[in-house]
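Colleague: Residue numbers (our numbering), protein chains in the order written: chain H, 6 to 145; chain Y, 122 to 612; chain G, 24 to 143; chain X, 2 to 210.
Quick caveat, the hints were computed from the structure, so don't treat them as lab data.
Keep in mind it's a predicted model, so treat the numbers as computed, not measured.
Any given hint might turn out to be false.
[To be verified] For each label pair, taking beta carbons as the anchor points, the in silico distance ranges come out as: (1) Y:Glu561 <-> X:Phe28: 52 to 60 Å; (2) X:Lys131 <-> Y:Gln125: 27 to 35 Å; (3) X:Ile87 <-> Y:Phe606: 43 to 51 Å; (4) X:Arg86 <-> Y:Trp595: 48 to 56 Å; (5) X:Ala77 <-> Y:Ile177: 48 to 56 Å; (6) Y:Glu227 <-> H:Pro21: 36 to 44 Å.
[As the list claims (entries may be wrong)] Sample of chain X residues lacking proximity to chain G, with all beta carbon distances greater than 10 Å (derived): (7) Pro5; (8) Ile6; (9) Glu150.
Think of the CB as a built atom: it goes at the ideal place given N, C-alpha and C, for glycine as much as any other residue.
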Amino acid sequence: MREKIILRVVSKAFIPFIFLFALYIQFHGDFGPGGGFQAGVVFAAGIILYGVIFGLDTMRLAVPERLMEYGIVLGLILYGGVGIVSLISGANFLDYDVLNAHDPTHGQHLGILLVELGVGITVTCAMTTIFYALAGRGEK
Amino acid sequence: MMEQLPALQVVLPLFSALLCLLIRNKTASRLFSVAVSWGCLAIALILLRTVQETGIISYHFGGWFPPLGIEYRIDLLNAYVLIIVAMISAVVLPFGVGHWGLSIPEGREYLFFCAFLLCISGLLGITITGDAFNVFVFLEITSLSSYALIAMGRNRRALRAAFTYLVMGTVGGTFILIGIGMMYLETGTLNMVDIANRLPLAYGSRTVLVAFAFLTVGVGIKLAVFPLHHWLPNAYSYAPATVSAFLAATATKVSYYVLVRVIFTLFGAAYIFETLRFHVLLIPLSLLAMFIGSTVAIYQTNIKRLLAYSSISQIGYMTLGLSFASINGLTGGLVHLFNHALMKGGLFLVLASVMHSIASNEIDDMRGLGRKMPFTMAAFVLGGLSLIGVPGTVGFISKWYLVVAALEKGWYPIAVLILLSSFLAVIYIWRVVEIFFFREPAAEKSIKEAPLSMLIPTWILIGGTLFFGLQTEWTAGVAGSVANFLLGGLP
Amino acid sequence: MQWLGLWHYWAVIILMMIGLYIVIARDNLVKKVMGLSIFQVSVIMFYVSTGKVEGGTAPIIPEGGHDLVYSNPLPHVLMLTAIVVGISTTALALALIVRIQEAYGTVEDDELNAIDGAAL
Amino acid sequence: MPLPIEIVLFIFLLTTAVVIARLEDLFAAAMLTGIFSLLSAGLFTIMDAVDVAFTEAAVGAGVATVFILCTLSLTAKREYQQPTRILPFIVVGITGAALIYGTLDMPAYGDPDAVPHGHLSAKFIEIEEKAFLSQDKHAAEPAQHGSGEKAVGLPNIVTSILASYRGYDTFGETAVIFTATIGVMLLLRTRRREKKVSPPNRDQMETTS
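Please work from the sequences and hints to get the whole structure.
Modeller: See the structure below:
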């Protein structure tokens, strides 16, 4: 794949837009179709495309494997953390009402934003890790 | 904090699995997971006490009232199964602390414990939830982690066993999903209590019938009910010994719980047994499982495989108890849930110790082992006696209830068959006990008794089979009141 | 005549069964995984098709949109979860296949059986 | 009357599935599973499930296909031809017949009076519509929401249910991905890293695993 110059140039131009699109899905999911999971997959697809075109070693420089592993945990901790915060505030697990003392609806919106972000981070990192594991097996 | 315990029961091991990944140190991650499993057991015990004292606990996630939101609903039945899962994990996880035996892949210990904790939280999650779709989600957590754990066996066949289980398990899970979908179509809800309330309106519907069929087949695959047991022998024989011990003692039990839940809570015993006459199908299958499982077990040369086939026959006893649809029958089935968890857990732990000492589970390699490892092998004998159902062991209690239930219904041939199948158990247990104790050891190998960190967990479970064989108040007592509670609708 | 309204489900069921057939009948493990994902996608289709309301729109409320008919959002939510479960299962299955290939040198079920000595 | 586009999509889907079943070239079959996902995403859009369509397109046609291709590059490119067996047909036939039997009492496709649209979903839509539209009017004064009824108040009802009403399911779903990743790492991960650490370690690994 190294010699395919057209692929490399085109994808180099494309990948930033994929990431931008992923961010749009991530944060626009409240208003239109989309959300953390979709954003995570699209983001991961961008990273994987980069890896396919430029090789795993270059990809490892850009997104270290270890970082991705921690990312999986980080996303879930963010999600669960929102739940724990609501527990501590005296409500049930994942009750977002208490996140905003004045307006429960704002609390809901904040909770959903954080939770979707957690899902997005976990999915991106999980998909990338799986790709590393599968593709890394082929390296001799 | 007390009222948050239902959520913590599942979230605690799940969160701990995350932390395990961050710890990365093998000893620390193991000690940490042991502590977590004990914490889970403590929570489960408190929950059981609370249920006994104050009745059903209902916990609303996100503060949304059911059926809008997801509900955790703990009655006596779940509380009882929670105890089984939490107890077994609390005993199996510390097994062999300090000895990095053959059952845990080197360099991946922290991932192994991470998967183990996920499996525990999945099993607890299936058991505790009161939402049909939530069952499916946690079922997949359990399934995926157990596929990975089984594949960690040292024999390359473990990989194939895991793959077969994965394919069958996924088909089973998807069948359950279809069943839930059809129930949703007829009732418009996912909350179990709500489904149970609204389902009678749709009893005549063919969709409900098919929903039940798909749920039963899906759960049946996970439970390894007789014609759907194909995955189980390989999975249990080639998985790492501690994983076999854990899964044999918990995974099938939780599937059995789901079956009981589906039949008695969702659809109602009257519909299943009086309208559909489900027992006409289930009783022959249970009997076949009892006999074929035991008969095949007699011919095995690998002892883990022998126990795996014995599990299939024991599952037959449990489903038989269920299909009587009477207080005694259901009590027998439910009490056998606990008892079988104790004895199979204990027996597989014995095999884990043996694996640690002689690195083999072939019966031929175990000649004369009873003299080298007296304490370990004595545990095996006691577990075996319990499997047979000798008075004084827990196995006797379960069979007693089953026989009584059969006599009550006037089904004498079934009572006779239950006793006959115990004789088959005598044959396969005696065959290996004879080899362990009355054959000359094969070679001059220096085999030592298993270390204390293995003996103590083994003997906790095996001691349990004796203790609960005499003191039946806690197990049969609780199982009896569960059966009463479930059959409340039936005369 | 009322059965005419059910043909969507039947088409989906046929798809489902093709997936299930691939899982059971094909020997190649990768092919089995493909069958599994066809099976799962068809089940997702089944759920989604039950959520459709004639004359309804996607369950997104437009600004100031009163008295609109929406399709049933609940099956959509459930199926988002099911898709995630599907990709997770696929990933794990593929990892197992890679290991089987390394351990046995093949991923055809009948050859694997022959290597394992026709053990059950 | 069903829209013709649905019939066309179903015909495409059926053709793709049959071809996948028959193809011996696994690379082509992998690409076709991607196409199958893409077509089903189209069908989901027609059925108003835009979120599901989006996800299916991103997952099935994107990531899953890449994973399958990765695996194929490590295993065989073609599968062996094999004789047709009868047993699978029987199993599939019985299962399919049971399912079709079950559909006979199902509400017709798109029936607005079907049971599931009435109970829970109607409640979700009612609460959310009220919350969102009232919020729209009184955007300046958020305190308006003290009416007592708990609601999320986002335009996308699917997001509201997914992340809040059934937020715990989504937590579980994220845990499923986590579990799968742990499983994949357990199966495939360590060897390369250990090789890197130190050469003597490597021999040890190969003898023990």
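Colleague: Hint by hint, say whether it matches the structure.
Modeller: A quick look at each hint next to the structure:
{"no.": "1", "hint": "Y:Glu561 <-> X:Phe28: 52 to 60 Å", "result": "holds, 58 Å"}
{"no.": "2", "hint": "X:Lys131 <-> Y:Gln125: 27 to 35 Å", "result": "holds, 30 Å"}
{"no.": "3", "hint": "X:Ile87 <-> Y:Phe606: 43 to 51 Å", "result": "holds, 47 Å"}
{"no.": "4", "hint": "X:Arg86 <-> Y:Trp595: 48 to 56 Å", "result": "holds, 51 Å"}
{"no.": "5", "hint": "X:Ala77 <-> Y:Ile177: 48 to 56 Å", "result": "holds, 55 Å"}
{"no.": "6", "hint": "Y:Glu227 <-> H:Pro21: 36 to 44 Å", "result": "holds, 42 Å"}
{"no.": "7", "hint": "Pro5", "result": "holds, 13 Å"}
{"no.": "8", "hint": "Ile6", "result": "holds, 13 Å"}
{"no.": "9", "hint": "Glu150", "result": "holds, 16 Å"}
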